[in-house]
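Protein chains in written order, with the numbering used here: chain A, 4 to 574; chain B, 136 to 543.
Don't read these hints as lab results, they were simulated from the structure. Everything numeric in this text was worked out from a predicted model, so none of it was measured. Cβ atoms here follow ideal geometry from the backbone N, Cα and C, with glycine treated the same way. Take these hints with a grain of salt, some might be off.
Now the in silico label distances, taken between C-beta atoms and shown as ranges [said to hold, decoys possible]:
#: 1; chain 1: A; residue 1: Phe319; chain 2: B; residue 2: Asp206; range: 48 to 58 Å
#: 2; chain 1: A; residue 1: Ile289; chain 2: B; residue 2: Asn326; range: 44 to 54 Å
#: 3; chain 1: B; residue 1: Asp354; chain 2: A; residue 2: Thr57; range: 51 to 61 Å
#: 4; chain 1: B; residue 1: Ala190; chain 2: A; residue 2: Leu371; range: 17 to 27 Å
#: 5; chain 1: B; residue 1: Ala170; chain 2: A; residue 2: Gly66; range: 30 to 40 Å
#: 6; chain 1: A; residue 1: Leu378; chain 2: B; residue 2: Glu515; range: 38 to 48 Å
#: 7; chain 1: B; residue 1: Ala190; chain 2: A; residue 2: Leu71; range: 54 to 64 Å
#: 8; chain 1: B; residue 1: Pro327; chain 2: A; residue 2: Leu354; range: 28 to 38 Å
#: 9; chain 1: B; residue 1: Pro383; chain 2: A; residue 2: Leu71; range: 23 to 33 Å
Computed from the model, here is a short list of chain A residues facing chain B with C-beta under 8 Å [as the list claims (entries may be wrong)]:
#: 10; residue: Gly46
#: 11; residue: Gly66
#: 12; residue: Pro68
#: 13; residue: Ser134
#: 14; residue: Asn158
#: 15; residue: Pro365
#: 16; residue: Arg520
#: 17; residue: Arg537
#: 18; residue: Ile557
#: 19; residue: Ser559
#: 20; residue: Gln563
Derived coverage of chain A by chain B (criterion: at least 3 residues anywhere in the stretch with Cβ under 8 Å from a Cβ of chain B; other residues may be distant) [as the list claims (entries may be wrong)]:
#: 21; segment: 234-247
#: 22; segment: 339-349
#: 23; segment: 353-363
In case you want the letters, here they are:
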Amino acid sequence: MGRPISKEHEIAARRLNANTLLALILGLPILAGIAGIILPAFGYMPALGGVRFTLRHFAELAGQPHILRSSLTGLAVGLATTCGAVAIVGTFLAGFAGTPIFSRVQHLVSPLLAVPHAAAAFALAFLVAPSGFLLRLVSPELTGFLRPPQWLLPNDPLALSMVAGLITKEVPFLFLIALAALPQLPLRQSRQLTAALGYGRLSGFLVSLWPALYRQIRLAVFAVLVYSVSVVDVAIILGPQLPATLPMRIAQWTADHELRARFLASAAALLQLGVVLAAVLIWLLIERLARLALAWLTYSGRRLRNDAVPRFISAFAITACAALIFLGIAVLGAWSVAGLWPFPRALPAELTLQTWLRTLSPLWPALLVTMALALLSAALALLCAILLLHRNGAADRGGDRPHHRLLYLPLLLPEISFVFGLQILIVSAGLKPAFWSVLAVHFLFVLPYVLLSLAAPWRELDPRFERVAAGLGKSQRQILLSVRLPLLSRACLTAFAVGFSVSISLYLPTLLIGAGRLTTIATEAVALSSGGDRRVIGVYALVQASLPFLAFLIASLAPQLLFRNRRAMRT
Amino acid sequence: MIGRTRKIIMAAMLALGLAGEASAADAGNWGAVVAEAKGQTVYFNAWGGSENINAYIRWAGGEVKSRYGVDVVHVKLDDTAKAVATVVAEKAAGKSDGGAVDLVWINGENFAAMKREGLLFGPDWATKLPNWRYVDHETKPTVLKDFTIPTEGLESPWGGAKLVFFHDSARTAKAELPDSAAELLNWAEANPGRFSYPQPPDFTGTSFLKQVLIALIGDKAKLQKPVDEATFATDAAPLFAYLDKLTPLLWRQGKAYPQNYPDMKQKLADGELDIIFAFNPAEASSAIANGELPQTVRSFVFSGGTLGNTHFLAIPYNATAKAGALVLADFLLSPEAQLRKQDPRIWGDPTVLALAKLSAEDRSAFENLDLGIATLKPDELGPALDEPHPDWMTRIEAEWIRRYGAAN
């Protein structure tokens, strides 16, 4: 009797080891990337003559002008963005999930995830700037402006335009993650129950489904929080400049001609880590308060049937996000074919294909590399995520183990210093900058997002399906392939599309690890965007946005085709 | 026995050492360089923010491929410091050959930093290039001194640059234009919100600060030396007094700044700015040709002179394709490549060659270039002011950020 049990234990142990090993292989470069900033932050970087550990660079950092204000602005932007995005998505889901409006908005919003942050930020800037499209539309007829007014917009000191730009991008992200989790919830039943009890749509959803839904999107919410606290490209385009947010200043220091500024940059990257930590702690506090409020609402028994106004506002906000980005992209498109287009003309004075013709031929090779990187890294990441979740699920149904949390670290570190640390590692390993090393780094950045969007639906899948299959004598692998994966195909496709679009928009990792030898649409776009020509930005933003757009289109349409005979699978 | 072993090891080391010497490209032995370069791929790290410059580099790459069998890959940077960062990271990892950067477009503080950290291929290769004989190093001192730092042949000149202002003659009459830093301040008082400069540490923005510093500093000789910390506050006082007055008159009252000079170009077209500037005298003409600026834009300079400098090509110490990089640098210095570069329809970047040293045919080709409607003739460009020591740039940038970095 004893033997088979110990054998079982052995198998379980081996399985656990494989799991740990996998997480280690993936986690090690991330740890090295962190070491790559921690060591220089404390003064250790032999190449620049730093061989002794010191706290000098932190003192230097503290002496930087306006460093506190820079840190706080970033923190506030992150919290405001996350609050705004969660509130909009939450209210909209509560108000409309299961209605016809919902599926219409769903198809409107999903493609937005495809638009790279920088492109969306440019789109917004092209719209709202004093010389932007919106003011051109009404000038000079309504405003009397023959020349753009001196409004400080974008780049306003309160960072409102930056928060707006981030919210328009984070709402689709959270919305899509929530969408992937939604089929696991008893939506119709809860709706019927709460309606029968006399609850309004919002309050009914909040007391019955929101806690379970929030649990599923929680990691994505933290990713949004960390991302918007540490974002660089959107901050450059829309954020306050005097002083800039901390991540933007780190980016400037890492690119400083004074090479010793890299010590300072590393110290600042650690500070940024602290800011991120503070943001997370504050968010935990907000979560606790929200839970108390929800508990109060539940126990008070209030039905809150008059919720038309907040519902309308959430629907308006989510449509406005879509409208702003679509209109902005249309304006980007108009600029890409514009000749001279002076203020206050609402349309270009002349149209020309010159920009496209000039840009397309050098764009082809970059497009191929971009596609190859995105397809491979997303596919690998999806495979790896399935493997990890499957093995983890077999070993411990309790959810995320500590070493899995390691994978989320790339989302918790400012990209710029983390990648600088990785670059040192890859070069010292004697690896040539090549397609494969860039692919490996893309994979590192893509995997967390894929895992993020897949983990929650994976865990929340009703276990009875698999129990039934196991009861019918199916093996673990058969259950995975013929029960779990088909049931989760929408979630898998969404995760793949998320990974694909993350890869498409990766700039710094591609540039630094590829030593600039691998050109992608993202590196080309950012290099050209530093030239500020709206026409060329228009071309690249359109190309960059159209790639993931295709992926999301497939992710949202394929289930409709695959399951045209299975109604419950299509929602 | 032991002695013999030692001798063998010595011989082997010598042989290895010699082998190392032989593979390191020596510009003095040009035939060997060209032979070695054949089949190499040169990763040329250059700012990629301007499509006409990118097109020019593509052309040069094609020519070098067909003539010398050297492949050229343009690594498009948004900031040259990124290439420096790559070399630093490689040095940190002990990678002293097989580096990722073969040739880099560089000048000023990036060059100073790479030279100081010993990150450059040397000794003197630039003056041994075959086309060096055409270079005007007699009347263009900036060819040998990059922001007062002696180049010592560690970088090869590629093009000249001069600070030139642009305005739209349809909006701003020629008679109103300022002719000095002081007049510019008066003009800004009369036209608030219509002038600005790219936010330092942007290269062009800092150059504007240097232009004002040169005009206002008491003792100009000080600028040729590193900053004297003891007197810096007094030396820079006139500059910051000037900026204190100018800032509230800037675009957005100095609460935001343009990102870089192409951004200013866009803002001139939008009507947000009335006077802008760039480091390329042909910038306006090529922008008109591209439909970025209206036909009515014209150039002007200060009669007292504007900042002038030279930009260069350098090879990192650990470059993989040194021979190929030498061949490309030499080709870019050839009269043919320099002529094409100066054509405003292509790029419009002034040559570093002395017309007097060229063949009659090449000379007349240069003289017959149509520089474009908005470009000043060489004799209208006014005197060139020398770049200060890079130290000044660093200090002024830091001081600028301290004073104006939190305008909101």
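Against the structure, the hints:
{"no.": "1", "hint": "A:Phe319 x B:Asp206: 48 to 58 Å", "verdict": "55 Å, holds"}
{"no.": "2", "hint": "A:Ile289 x B:Asn326: 44 to 54 Å", "verdict": "48 Å, holds"}
{"no.": "3", "hint": "B:Asp354 x A:Thr57: 51 to 61 Å", "verdict": "37 Å, violated"}
{"no.": "4", "hint": "B:Ala190 x A:Leu371: 17 to 27 Å", "verdict": "20 Å, holds"}
{"no.": "5", "hint": "B:Ala170 x A:Gly66: 30 to 40 Å", "verdict": "55 Å, violated"}
{"no.": "6", "hint": "A:Leu378 x B:Glu515: 38 to 48 Å", "verdict": "55 Å, violated"}
{"no.": "7", "hint": "B:Ala190 x A:Leu71: 54 to 64 Å", "verdict": "46 Å, violated"}
{"no.": "8", "hint": "B:Pro327 x A:Leu354: 28 to 38 Å", "verdict": "35 Å, holds"}
{"no.": "9", "hint": "B:Pro383 x A:Leu71: 23 to 33 Å", "verdict": "25 Å, holds"}
{"no.": "10", "hint": "Gly46", "verdict": "14 Å, violated"}
{"no.": "11", "hint": "Gly66", "verdict": "10 Å, violated"}
{"no.": "12", "hint": "Pro68", "verdict": "5 Å, holds"}
{"no.": "13", "hint": "Ser134", "verdict": "4 Å, holds"}
{"no.": "14", "hint": "Asn158", "verdict": "4 Å, holds"}
{"no.": "15", "hint": "Pro365", "verdict": "7 Å, holds"}
{"no.": "16", "hint": "Arg520", "verdict": "6 Å, holds"}
{"no.": "17", "hint": "Arg537", "verdict": "6 Å, holds"}
{"no.": "18", "hint": "Ile557", "verdict": "31 Å, violated"}
{"no.": "19", "hint": "Ser559", "verdict": "34 Å, violated"}
{"no.": "20", "hint": "Gln563", "verdict": "41 Å, violated"}
{"no.": "21", "hint": "234-247", "verdict": "holds (count 5)"}
{"no.": "22", "hint": "339-349", "verdict": "holds (count 6)"}
{"no.": "23", "hint": "353-363", "verdict": "holds (count 5)"}
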